[in-house]
Every structure is written in C-alpha cells, then in structure tokens.
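Enquirer: Sequence:
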Amino acid sequence: MICLLTATLALTLPAQQAAVFPHLTASNLAKQKMTLPKDFAGTTNLLLIAFEREQQKDIDTWLPAAREIEAAHSTFRYYELPTIGRSNPVFRWYLDSAMRSGIQDGKTRSRTITLYVDKQDFRRTLDIPSESAISVLLVDKNGKVLWRATGNFTEEKKANLLDEIKAAGA
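Note that our numbering numbers the sequence shown so that position 152 is 164, with each residue one more than the last.
You may find that some hints are simply not true.
Said to hold, decoys possible - Okay, derived cross-link-like pairs now, BS3-like style, lysine-lysine, Cα gap no bigger than 25 Å in a straight line:
no., residue 1, residue 2
1, 170, 43
2, 131, 153
3, 153, 119
4, 156, 45
5, 153, 178
6, 169, 153
7, 170, 153
8, 170, 156
9, 178, 50
10, 153, 45
11, 131, 43
12, 119, 170
13, 50, 156
14, 156, 169
15, 69, 119
16, 69, 170
17, 43, 178
18, 153, 50
19, 45, 131
20, 131, 69
21, 45, 178
22, 156, 178
23, 69, 43
24, 119, 43
25, 178, 131
26, 156, 131
27, 50, 119
If you are wondering where the hints come from, they were derived from the structure by calculation, not from laboratory data.
Please read all numbers here as calculations on a predicted model, not as lab measurements.
Make a model of the complete structure from these sequences and hints.
Expert: Structure, rendered in structure tokens:
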C-alpha cells in the first residue's frame, strides 16, 4: 500500500524545472559590456560564483581543473562571477578598478564578470540556498543549469562535471 501511495504521489507532483541563469547586463574586468547568458562563449560554461571576498580562495581551488577541461574541450568555457549587491556607480567603479589592478592577466580579466544584482533574487532564480559557500554551475548556451556543486574543488566533483559535459555533447 505504501509503495502504491508513493507511486501515485510521484505521478501527481510536477517535475522540477531546471534553473536558468537570469538575463542581465554586466561588464567583465576587461571593460567589455556583456549580455548574459547570451555572451557566455561556450556551448557549456562553468560559472564559479562567489558572494564574499574571502571565497576567492575557494574559487581558486577550481581554476586548475577548469583550465584543464577547457584545454581538452573546445566548446567549454569558465567564468568567475563575483556577485555583489546592487550599489552606486562610484562604488562599482572603485571595486572593479581594485579587482582589475590585482589581476594583470588579460584572459583572466575577460573571464571575470562582476555581477551587481539583488543577491536574494539572483540566488532564488538559480536555486542557490545560501551565500555561505561558492556555487559552481554548469550552464548551456541558453543559461539552463545542467549541473551544480558548492564549495571547494574535489576530484569527485570533477568526475561528475566531466560526465555532464560529455552528456551535453561538448
């Protein structure tokens, strides 16, 4: 009886829709204006999302693997997305200038896109429950979330990510 009830409930509950990266305009640290997710360059795109300055060390744990995967998969790209609350233009200029001065590599500047958004709405749209850890999302060209992880890089997360990239045909 319990199995039958469970099966009935499963049939009546709506399937959970995949989260989709919201349409927004932002600039990377190379001062290029971008419309996201349209301007993500890959067929699959790894988004390394940090909410606090201290989380950069967690983002850094992913970078060697992201570079390796990008070298092996021509349609894969990765981006760092420092996510800040909405703020005035003077603060944005100051913060972007400070980050830019700390990053000399042009390629890194072009793949670092600061998001000035309502963080609560942004997290809700992407089904990110908390800002306490970084979020790592694999999205397709349209922004559909194909895979997700939180926190530092692990080999297990890399294996799961590679499976999703393969499943997406990248």
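Enquirer: Does each hint fit the structure? Answer for all of them.
Expert: Now for the hints, and whether the structure bears them out:
no., hint, in the structure
1, 170 with 43, "violated (31 Å)"
2, 131 with 153, "holds (22 Å)"
3, 153 with 119, "holds (20 Å)"
4, 156 with 45, "holds (21 Å)"
5, 153 with 178, "holds (15 Å)"
6, 169 with 153, "holds (21 Å)"
7, 170 with 153, "holds (20 Å)"
8, 170 with 156, "holds (19 Å)"
9, 178 with 50, "holds (21 Å)"
10, 153 with 45, "holds (18 Å)"
11, 131 with 43, "holds (22 Å)"
12, 119 with 170, "holds (23 Å)"
13, 50 with 156, "holds (11 Å)"
14, 156 with 169, "holds (19 Å)"
15, 69 with 119, "holds (19 Å)"
16, 69 with 170, "holds (18 Å)"
17, 43 with 178, "violated (33 Å)"
18, 153 with 50, "holds (7 Å)"
19, 45 with 131, "holds (20 Å)"
20, 131 with 69, "holds (20 Å)"
21, 45 with 178, "violated (30 Å)"
22, 156 with 178, "holds (16 Å)"
23, 69 with 43, "holds (24 Å)"
24, 119 with 43, "holds (12 Å)"
25, 178 with 131, "violated (31 Å)"
26, 156 with 131, "holds (19 Å)"
27, 50 with 119, "holds (19 Å)"
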